Every structure is written in structure tokens, then in C-alpha cells.
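Enquirer: Sequence:
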Amino acid sequence: MDNPILTDDPLAPGQTGVIERHQEQAVRALLLTLCVAAPSIAAAVFLRDGATRVVAVIALLSIFLWALWLPFRHGRIRLVAYALIGSMLLVTTLATAFDGSVRSSAVIAMMATVVLAGTFLPRPGMIAVGLYCTLVLGLFNWLEQRGIFVPGSMRMGWAVWVVHTAVIATILVSVFFGRYRLMRAYSRLTHSLKQTLETEADLRASEERFRALFRGNPAACLVQSLNNRMVVDVNDAYADMSGYSREEMLGQPPPVLWANPADDKTFRAALKAHGRVRGMRTLGRRRDAGLFEALMYAEVVQNGPERLLFVMVIDVSLEERARQALQKSEERFSKAFNFSPLGMSITRMSDGRFMEVNPAKERVLGYSQADCAGKTATEVGIWLSPADREDYIRRLRQDGHLLGYETRMRSKQGEVVDVRVWAETIELDGEPCALAFTINVAEEKRQKALLMNVAQGVSSATGEAFFRSLAERLAQAVGAHGVVIGELSANHKQLDTLALLSDGELRPPQTLSLDQTTYARILPHQDLLVEDTSAPPRRQSTPPFDPDRVQTLAGMVLRDPDGTAIGLLVATWSQRQVPGADTRALLTIFGSRCNAELVRLRRDREIQKLQDTLEQRVAARTEQLQYLNRELDAFAYTVSHDLKSPLRSIDGFMHLLQEQMAGRLTPDDEDLLQRVAGSVARMNRLITDLLALARVSQGTLQRTEVNLSELARDVLRQEYHRDPAREVEVVIAPGMVADCDPRMAQIVLENLLGNAWKYTRQQARPRIELSQVNTPPGEAPVFCVRDNGAGFEMTRSERLFQPFTRLHSPSEFEGTGIGLATVRRIIERHGGHIRGEGAVDQGACFWFSFGRQAVD
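First residue of the sequence shown: 1, per the working numbering; consecutive thereafter.
No lab work stands behind these hints, which were simulated from the structure alone. Possibly wrong hints are sitting among the right ones.
35 angstroms max Cα-Cα, derived DSBU-like pairs, lysine-lysine [claimed, not checked]:
| no. | residue 1 | residue 2 |
| --- | --- | --- |
| 1 | Lys-272 | Lys-375 |
| 2 | Lys-609 | Lys-493 |
| 3 | Lys-445 | Lys-493 |
| 4 | Lys-445 | Lys-412 |
| 5 | Lys-272 | Lys-328 |
No experiment lies behind these values; they were computed from the predicted model shown.
Turn these sequences into a full structure, and let the hints steer you where they fit.
Expert: What follows is the structure, given as C-alpha cells:
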């Protein structure tokens with residue numbers, strides 16, 4: 001790219017790139033403006049004057065301007081700027097000459113060219129353009145005065161407006177970018193001034209920080225003048241280390257620090273030879289004669305005419321002890337690493353190169369230390385694919401460690417092996433590495449697969465299907481050619497097979513005789529019995545298998561919880577076997593599960609027998625209970641009804657006696673008669689409640705949708721009529737509907753709302769509320785009767801719904817104790833529920849629901 005156009009711009013080095021970008025933008029904007037303006041002017045003049053020389057000149061200028069885009073694209077910004085200004089001067093000069101007057105619109109365009117020159121040319125070029133325009137305009141003016149130039153028609157019109165508009169646009173572009181550059185220069189100067197002030201402040205702050213750093217440095221620092229050997233300054237750390245105070249050392253020769261004089265000579269020689277000392281290890285001495293390991297750093301600094309020695313002493317006693325401890329730790333780690341029974345390795349995380357491998361690694365995948373030394377895991381061939389290693393490294397980088405990471409690797413023999421890896425990220429020589437413990441879990445996987453096979457064989461089915469499935473799974477798990485699962489007869493002489501498998505095929509159930517068979521020898525044993533039946537003395541019948549094909553037999557007795565033998569599980573092999581611990585464990589597991597299922601099957605049979613007779617016994621018992629309930633309800637109704645007749649007689653005779661003895665009764669006699677009348681009234685109420693309680697259990701429920709809100713208003717309206725003097729605040733939620741018997745629902749509300757009315761009698765501002773509780777969709781609605789009356793103790797709440805039980809004395813509140821018992825019986829007949837809560841003098845609340853279905 002060309003050098004900047006404005007060579008006299010007072011900018012600091014390094015700003016030229018910014019100027020070039022700015023001027024490139026300015027030239028692009030100006031070129032684009034002229035490329036649009038020139039053709040517009042040519043068209044406007046052509047429409048006004050026709051094909052004239054002025055039109056031809058402007059058209060050639062348009063072509064020239066569009067041609068300038070080629071050098072502009074190649075970065076020739078200066079050339080394009082010069083060409084623009086030159087072409088504009090030429091065209092405006094010719095256009096003025098052709099118009100024959102300095103009053104031509106071309107003169108205005110010439111003034112715009114002067115503005116462009118002031119913006120894009122250096123000072124000499126700008127002056128040259130100004131002189132040129134002055135001379136040309138003076139010449140044209142003189143020629144016009146002499147009549148040599150003959151002015152044209154100088155007609156006004158849209159052509160003049162287009163020329164003026166183009167000139168204004170050109171001037172605006174030039175002025176904008178000139179102003180922008182001026183503002184940028186001002187901004188840079190302001191920024192430079194600000195940076196200068198900040199630098200001065202930083203210098204002052206740096207000096208303060210240096211002082212604070214020197215005084216607060218944890219390393220012991222001392223400054224000594226080499227001109228007079230006196231201490232210029234020390235920090236607190238040096239005073240603490242040496243045991244001398246700062247005041248004792250300032251202006252005095254430094255205290256003797258060297259425990260070994262030879263170290264002092266070595267220090268001075270190094271300082272004299274190089275002017276500095278770096279990390280000299282020595283043994284220092286404190287004021288109290290205590291010794292410490294130290295590192296010495298020193299440097300001679302010239303401060304004007306004075307030479308200063310800056311000394312830094314670092315107490316490394318703790319570091320030395322830590323280094324020795326680290327060395328011991330490394331030795332222990334090395335022993336633990338090399339003698340660990342687990343396969344351990346240290347690999348570089350960047351490329352997987354092995355840094356260390358312990359001998360036990362060979363037992364995991366077969367690769368020795370020599371196989372891995374200096375190679376990457378990929379080169380050795382441990383990873384099955386690069387993607388597997390990338391996943392391992394990604395997870396390790398993400399968490400910093402791996403716990404039981406399961407993957408698959410290739411052994412030295414080329415086999416794919418399941419492994420489990422524990423890894424931790426460590427750093428060695430600044431390089432992130434992975435310390436990994438690798439365990440071969442192929443055998444564990446095999447055992448797990450085997451156990452899964454066992455689980456599938458003993459959990460999927462029940463009954464006879466279970467035993468057949470178990471026989472197949474057992475044969476697969478232990479490699480047996482035959483399996484017998486059977487249930488023993490009561491005398492243990494026969495075996496009814498529940499599952500019979502031979503050579504992988506299930507056979508129909510059979511009844512096997514145990515006399516003179518190998519199976520009979522299993523019965524006395526408590527645990528698994530394994531026998532080699534290939535020897536002649538042992539050869540006996542093994543039905544239904546051919547004895548010549550049975551070489552090894554294993555079996556166990558299936559027992560009831562009381563220890564009684566109830567079945568047998570037998571596995572046979574056609575080849576001689578020596579069952580290992582795994583095979584024995586599998587046989588025991590299968591046997592235990594088979595035992596449990598056989599016990600369950602026998603219990604199911606017993607339960608089925610009971611169920612066969614249960615319905616008959618339940619039906620008979622239900623009929624008996626229904627008969628007793630009818631008799632009990634009839635008895636209660638009859639007794640209550642029959643008691644009313646003599647009670648009415650007593651009440652009548654009492655009134656007759658009072659009328660006949662009027663005026664002759666003493667006060668005591670009157671009191672006795674009133675007591676008798678009160679007892680008769682209470683007895684009448686009690687009988688009425690008993691009759692109501694008996695009627696609740698009689699008849700059939702007629703369930704329908706009942707508006708409890710309206711029903712509750714009717715009940716409370718009756719209470720108002722009986723006690724019109726009371727003022728009670730009543731709140732009844734609107735639109736409450738329940739699926740119940742209307743007659744029974746009225747009895748429930750009469751009792752609950754009547755109790756609320758009665759027990760709020762002693763409250764100054766009694767309040768009764770009936771509302772509906774929010775319940776989940778599909779459940780029966782729950783309602784609530786709440787009052788602020790006398791309440792009750794929750795410790796006695798279990799007696800609320802018992803007949804003839806009251807929680808308040810008759811002197812406080814009248815009643816028989818039958819109401820809530822009646823309510824509960826109605827609710828339970830509907831299949832609902834009721835419960836109550838309360839507190840003494842704080843009111844009571846009863847929640848109840850009629851349920852969804854009737855229960856009779």
C-alpha cells in the first residue's frame with residue numbers, strides 16, 4: 001500500500017496505519033460520490049443544452065472516475081486522490097472555458113476541488129491548487145472583460161440544481177472526513193496527556209509500592225552502602241531473622257551473618273567478579289547463635305555517586321526439611337508403585353506416552369515394562385480405537401479423576417478385554433499426566449453375566465412354568481446334560497417331577513420311584529451332595545437317565561421351613577466333572593430359589609383348599625350377622641316404642657296430680673314434681689333418639705343429589721324459630737351438593753348444626769360455618785361444620801361418637817349423647833367417614849363425607 005497522503009500530519013509513529021485506513025475510507029466515499037454525481041450532471045446538462053462540449057467533458061470525466069476504481073482496488077490510494085483532484089481541476093477549467101464566463105456553475109465545482117485539495121493533499125500541493133485556481137479564474141475574468149470569452153445563455157434550471165447538489169455533497173464528504181480526522185487528532189492528544197499524568201501517578205505509586213514491598217517483603221532484605229560499609233535500610237523480616245532490631249542496625253556495619261567464614265570469602269569473591277550473587281546456599285547464624293539454612297541473593301546498584309549493595313536472605317530451613325520429607329515420600333511412592341499388586345501406569349495426557357509402568361501391569365493385559373517403555377498407548381496397541389482414548393481423556397480432564405471407569409482394551413495376545421480404570425490427574429515436570437490403576441474385570445463380567453442368567457431363570461415365571469425355566473437356566477449355567485426337579489411323596493418313596501430336562505429338551509412330568517436309585521442317597525444330606533457315579537461300586541439307577549451316561553451327579557434336598565424334606569433338585573453330567581466353587585455356589589442359589597418356590601406352591605395349594613370352603617363359610621356368617629342385626633334393630637325399636645306408652649301415662653298423671661293438688665302443695669312438693677317432670681322429659685328425648693338411631697339402620701338408602709346449602713338453611717331456620725332472641729353469625733357456602741339420602745342428610749345436619757347452635761350459647765359473638773373442603777378430582781366431596789363454641793378436649797375425642805356418651809355435664813348443656821352416634825351410623829351407611837377436632841373454649845370442627853357408593 002502507498003505511504004500516507006498527508007506527510008506533514010503530526011502523528012506519532014505507529015499511527016500511520018490508522019491514517020491510511022481513514023483516508024482509504026474518505027477516498028472511497030468521495031470516489032463513490034463523484035461517480036454518481038458526474039453522470040447525473042452530464043445527464044442534466046444534456047437535457048438542458050443538448051450535446052455540447054461541456055456534456056462531452058463531463059461524460060469523459062464520468063468514464064475516468066469509474067476507471068479509477070481499478071487502482072483503488074489495488075491500494076493506490078494516493079494515486080486515486082491525486083487523479084480525482086487533477087481531473088476535477090481539468091474538467092472545471094474546461095467547463096468554465098466552454099461556458100465563456102466565470103459565472104459558470106463549473107466555478108462552484110472548482111471551489112469544491114480546492115476543498116478536496118485542502119483535505120487530501122499535503123501543504124505544498126494544497127497551495128499549488130489554490131494558486132492555480134486563483135490564476136485561472138483571474139485569467140478567465142480578464143478574457144471575459146476583453147470580450148475574448150463570450151458568455152453563453154447561462155440559463156437556470158434543474159441542471160444548475162444538480163451541479164450545486166453535487167458540489168455540496170462533495171464538500172460535505174471532504175469536510176466530514178477532515179473534521180473527523182481533526183477530532184481524532186484532538187482525542188489522541190487528550191489521551192496522550194492523560195497517559196502522561198497517569199504515568200507520573202504510577203511512578204509515584206510504584207515508589208510507594210517499592211517501599212511497602214521492601215518493608216513488607218517476607219524475605220529478609222538489607223541495603224548497605226559500599227562507600228562507608230554502613231547499613232542504609234533493613235526490613236522487619238531481616239530483623240526477625242537476625243535477632244537484631246532495625247534501630248540497632250541502621251547506620252552501623254551489618255551484623256555477622258556467616259556461620260562459616262569460608263562462605264563469606266566466596267560471597268565477596270562472586271560479588272567482586274560479577275557484581276551479583278544468585279542463590280548461594282550457606283549456613284546462617286542468628287544473634288542467639290542459632291543456625292539456619294539460607295539462600296543468598298545480592299546485587300550492586302549504582303545510585304548516583306553512591307554504590308549500594310542490595311542483599312536478600314531466604315531462610316530455607318523449612319524447605320530443606322520439606323525437601324528431605326519429599327525425597328522420603330518419593331521413595332515410599334516408588335516402592336508402593338512398583339510393588340503394588342494392581343496394574344499401575346503414568347501416561348502423558350497430551351499424547352498418551354508411558355512415563356512409568358509397574359510390574360503388575362503385565363498381569364492385567366500382558367504388556368511388560370519393556371513393551372511400554374518410551375511408547376504411547378496407541379503405539380503399544382492398548383486402545384481399540386482413538387475414539388476410546390479420546391473419551392477417556394475427555395472425562396479425566398473434565399472431572400480431574402475417574403472412579404471405576406469401564407472400557408475395553410486389547411491385550412498383548414490380541415484379545416479384547418473388559419477393564420475398569422481408576423485415574424487421577426497429576427503433574428510431572430509441568431506436564432499434565434494420568435496416574436491410572438487398571439483392573440481386568442473380564443472374569444467379573446463373566447460372573448455377572450452368569451448371575452444375570454441365574455436371575456432371569458429364577459424370577460420371570462411362577463408355578464410349574466417357573467420350574468421348567470429354572471431347569472433350562474441351571475443346565476446352561478453349569479453345563480449339565482440332565483436336570484430333575486421333583487416333589488416328594490409323603491412317604492418319600494416317590495418323586496413327582498415338576499421339571500425334567502434331558503439333553504436340552506424338556507420332557508413330560510413323570511412319577512419316579514426312589515428305591516434303589518442314586519437319588520435316595522441324597523435324602524439324608526442337609527447340604528449339596530456331589531458324587532462320581534462312574535465308579536462301579538457307585539453305579540445305581542438314575543431315572544429317567546441312562547446310568548451309563550451319568551458320570552457325575554449333584555443334588556440337594558428341598559425342605560419345608562420345619563425341616564421336612566419336600567422335594568429334590570438333581571443335576572447330572574455325561575462327562576466326569578469336579579464342580580468348583582462357582583458351580584457349587586450356582587447349584588446352591590438355584591436350589592434355594594427352587595426350594596422357596598416349591599414351598600410357595602404348596603402353600604398356594606393349601607390356600608386354594610381354604611378358599612374353596614371360605615365363600616360358603618362367609619356366606620353363612622353374613623346371613624347370621626344380617627339376621628342378628630335385624631333382630632337387634634327390631635328389639636331396639638320395640639323397646640323404645642313400648643317405653644313411650646307408660647312414659648306418656650306418667651306424664652299425664654303428673655299433670656293431673658298438679659291440677660288436683662293446686663294450692664295445696666308445699667314448695668318441696670312442687671320441687672319434687674318438677675324433678676319428676678324433668679326426668680320424664682329427658683326419658684322422652686332419650687327414647688326419641690333411640691328410635692331415630694334404630695331407624696337409621698332400617699330401610700334402603702335412596703341416594704340422589706342433595707343441595708346441602710339449602711338443607712342447612714332450613715335446619716338453622718328452625719333453630720332461629722326455637723330461639724329467636726339469639727344473634728348468631730351463620731356462614732353457609734353456596735352450591736354444596738352431595739350424593740346421599742335426603743332424609744338421612746337432614747338428620748346429619750340437624751345434629752351437627754344443632755350441636756353447633758347449642759354449644760355456642762355462652763359465646764359473646766357466636767359463629768357457625770358450613771363449607772366444602774377442596775378434594776382431588778374423582779373423590780367424594782368433604783364438608784366441614786365449624787363453630788367457636790365450648791369445644792372439647794382432644795384427649796377424650798375417641799368417645800365423641802359412642803352412644804350415651806357426653807363430654808359436657810347436663811347442667812352445662814342438655815342432651816342424651818345419641819346425636820353424634822346417629823350421625824356416624826348414617827355416614828358409615830353411605831360409605832363415608834367423619835372425624836372431629838376441638839379445643840376447650842375455642843370451638844369444634846367436624847369433617848364428613850357421604851362417600852360415592854351406598855353400603856348396606
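Enquirer: Checked against the structure, which of the hints given earlier come out wrong?
Expert: The structure conflicts with hints 1, 3 and 5, although it agrees with all the remaining ones.
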